[in-house]
Amino acid sequence: MSDVHDLVERYLAAWNETDPAARRAAVAAVWADDAVYVDPLAVAEGPDAIDATIGAVQGQFPGFVFRLVGAVDAHHDIARFTWELGPADGPAPIEGFDVAEIADGRFVRVNGFLNRVPG
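FYI, in the UniProt record's numbering the residues of the sequence shown are 1 to 119.
Treat the hints with care, since some could be wrong.
As the list claims (entries may be wrong) - So the derived label-pair ranges between C-beta atoms look like this:
#1 A29 <-> V99: 19 to 27 Å
#2 G59 <-> A13: 12 to 20 Å
#3 Q60 <-> D89: 16 to 24 Å
It is worth saying that the hints were derived from the structure and are not from the lab.
Ideal Cβ placement from N, Cα and C applies to all residues, glycine included.
Using the sequences and the accompanying hints, generate a full structural model.
Below, the structure written as C-alpha coordinates:
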(Lines of atoms letter the chains of each structure in order from A and count residues from 1; the text may use other names and numbers.)
(Lines give C-alpha, C1' and ligand atoms only; values in the text may rest on other atoms or scores of the structure.)
Protein backbone atom coordinates (compact mmCIF):
# COMPACT_ATOMS: atom_id res chain seq x y z
CA MET A 1 0.00 0.00 0.00
CA SER A 2 2.88 2.41 0.67
CA ASP A 3 3.93 2.11 -2.99
CA VAL A 4 0.43 3.17 -4.09
CA HIS A 5 0.40 6.03 -1.57
CA ASP A 6 3.77 7.18 -2.92
CA LEU A 7 2.44 7.00 -6.49
CA VAL A 8 -0.58 9.13 -5.53
CA GLU A 9 1.68 11.67 -3.81
CA ARG A 10 3.84 11.88 -6.94
CA TYR A 11 0.68 12.21 -9.08
CA LEU A 12 -0.49 15.18 -7.01
CA ALA A 13 3.02 16.65 -7.12
CA ALA A 14 2.82 16.52 -10.94
CA TRP A 15 -0.45 18.47 -10.79
CA ASN A 16 1.33 21.05 -8.60
CA GLU A 17 4.52 21.34 -10.67
CA THR A 18 4.54 24.70 -12.45
CA ASP A 19 7.86 24.39 -14.28
CA PRO A 20 6.88 22.97 -17.71
CA ALA A 21 9.95 20.74 -18.14
CA ALA A 22 9.80 19.40 -14.59
CA ARG A 23 6.04 18.84 -14.91
CA ARG A 24 6.50 16.91 -18.16
CA ALA A 25 9.13 14.72 -16.49
CA ALA A 26 6.82 14.13 -13.51
CA VAL A 27 3.97 13.15 -15.84
CA ALA A 28 6.25 10.69 -17.65
CA ALA A 29 7.29 9.14 -14.33
CA VAL A 30 3.72 8.70 -13.04
CA TRP A 31 1.73 7.90 -16.18
CA ALA A 32 2.04 5.03 -18.67
CA ASP A 33 2.72 5.96 -22.30
CA ASP A 34 -0.85 5.07 -23.31
CA ALA A 35 -2.53 6.50 -20.18
CA VAL A 36 -5.94 8.20 -20.18
CA TYR A 37 -7.28 10.86 -17.81
CA VAL A 38 -11.03 11.56 -17.75
CA ASP A 39 -13.07 13.92 -15.58
CA PRO A 40 -16.33 15.83 -16.14
CA LEU A 41 -14.46 18.65 -17.88
CA ALA A 42 -11.64 16.91 -19.76
CA VAL A 43 -10.46 13.85 -21.62
CA ALA A 44 -6.71 13.53 -22.09
CA GLU A 45 -5.09 10.60 -23.88
CA GLY A 46 -1.34 10.16 -23.52
CA PRO A 47 1.27 12.04 -21.52
CA ASP A 48 1.34 15.10 -23.81
CA ALA A 49 -2.41 15.64 -23.47
CA ILE A 50 -2.30 14.94 -19.73
CA ASP A 51 0.51 17.47 -19.32
CA ALA A 52 -1.49 20.03 -21.33
CA THR A 53 -4.56 19.39 -19.16
CA ILE A 54 -2.54 19.96 -16.00
CA GLY A 55 -1.15 23.20 -17.47
CA ALA A 56 -4.68 24.35 -18.33
CA VAL A 57 -5.91 23.68 -14.78
CA GLN A 58 -2.95 25.61 -13.38
CA GLY A 59 -3.81 28.50 -15.71
CA GLN A 60 -7.42 28.47 -14.58
CA PHE A 61 -6.50 28.33 -10.88
CA PRO A 62 -3.16 30.15 -10.47
CA GLY A 63 -1.58 29.69 -7.08
CA PHE A 64 -3.86 26.80 -6.13
CA VAL A 65 -2.40 23.46 -5.05
CA PHE A 66 -3.74 19.91 -4.90
CA ARG A 67 -3.64 18.18 -1.51
CA LEU A 68 -4.48 14.62 -0.56
CA VAL A 69 -7.46 14.36 1.80
CA GLY A 70 -7.52 11.23 3.93
CA ALA A 71 -6.08 7.84 3.13
CA VAL A 72 -5.53 6.16 -0.21
CA ASP A 73 -7.71 3.07 -0.60
CA ALA A 74 -6.32 0.45 -2.98
CA HIS A 75 -6.65 -3.16 -4.04
CA HIS A 76 -5.96 -5.23 -7.19
CA ASP A 77 -4.09 -2.41 -9.00
CA ILE A 78 -6.94 0.06 -8.45
CA ALA A 79 -6.75 3.05 -6.11
CA ARG A 80 -9.19 5.71 -5.01
CA PHE A 81 -8.36 8.87 -3.16
CA THR A 82 -9.86 12.23 -2.33
CA TRP A 83 -8.09 15.49 -3.06
CA GLU A 84 -8.74 19.18 -2.65
CA LEU A 85 -7.65 22.17 -4.72
CA GLY A 86 -7.18 25.58 -3.19
CA PRO A 87 -4.73 28.24 -2.09
CA ALA A 88 -1.63 26.88 -0.37
CA ASP A 89 -2.43 28.83 2.80
CA GLY A 90 -6.22 28.64 2.92
CA PRO A 91 -9.33 26.53 2.61
CA ALA A 92 -9.92 24.68 -0.64
CA PRO A 93 -13.07 25.58 -2.59
CA ILE A 94 -12.75 22.50 -4.82
CA GLU A 95 -12.78 18.85 -3.79
CA GLY A 96 -12.95 15.66 -5.77
CA PHE A 97 -11.85 12.08 -5.89
CA ASP A 98 -10.06 9.94 -8.42
CA VAL A 99 -10.22 6.25 -9.22
CA ALA A 100 -6.98 5.09 -10.80
CA GLU A 101 -5.90 1.92 -12.56
CA ILE A 102 -2.25 1.01 -12.08
CA ALA A 103 0.07 -1.21 -14.13
CA ASP A 104 3.81 -1.64 -13.66
CA GLY A 105 3.91 1.12 -11.05
CA ARG A 106 2.29 3.83 -13.18
CA PHE A 107 -1.22 5.06 -13.81
CA VAL A 108 -2.88 3.73 -16.96
CA ARG A 109 -6.27 5.38 -16.41
CA VAL A 110 -7.60 7.93 -13.95
CA ASN A 111 -11.30 8.71 -13.69
CA GLY A 112 -11.85 11.96 -11.81
CA PHE A 113 -15.02 13.14 -10.07
CA LEU A 114 -15.85 16.55 -8.62
CA ASN A 115 -17.47 16.60 -5.17
CA ARG A 116 -17.43 20.35 -4.54
CA VAL A 117 -16.93 23.23 -6.96
CA PRO A 118 -17.54 26.96 -6.58
CA GLY A 119 -21.03 28.00 -7.59
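Worksheet item: Looking back at the hints listed earlier, which ones does the structure fail to meet?
Response: Violated hints: none at all, because every hint is consistent with the structure.
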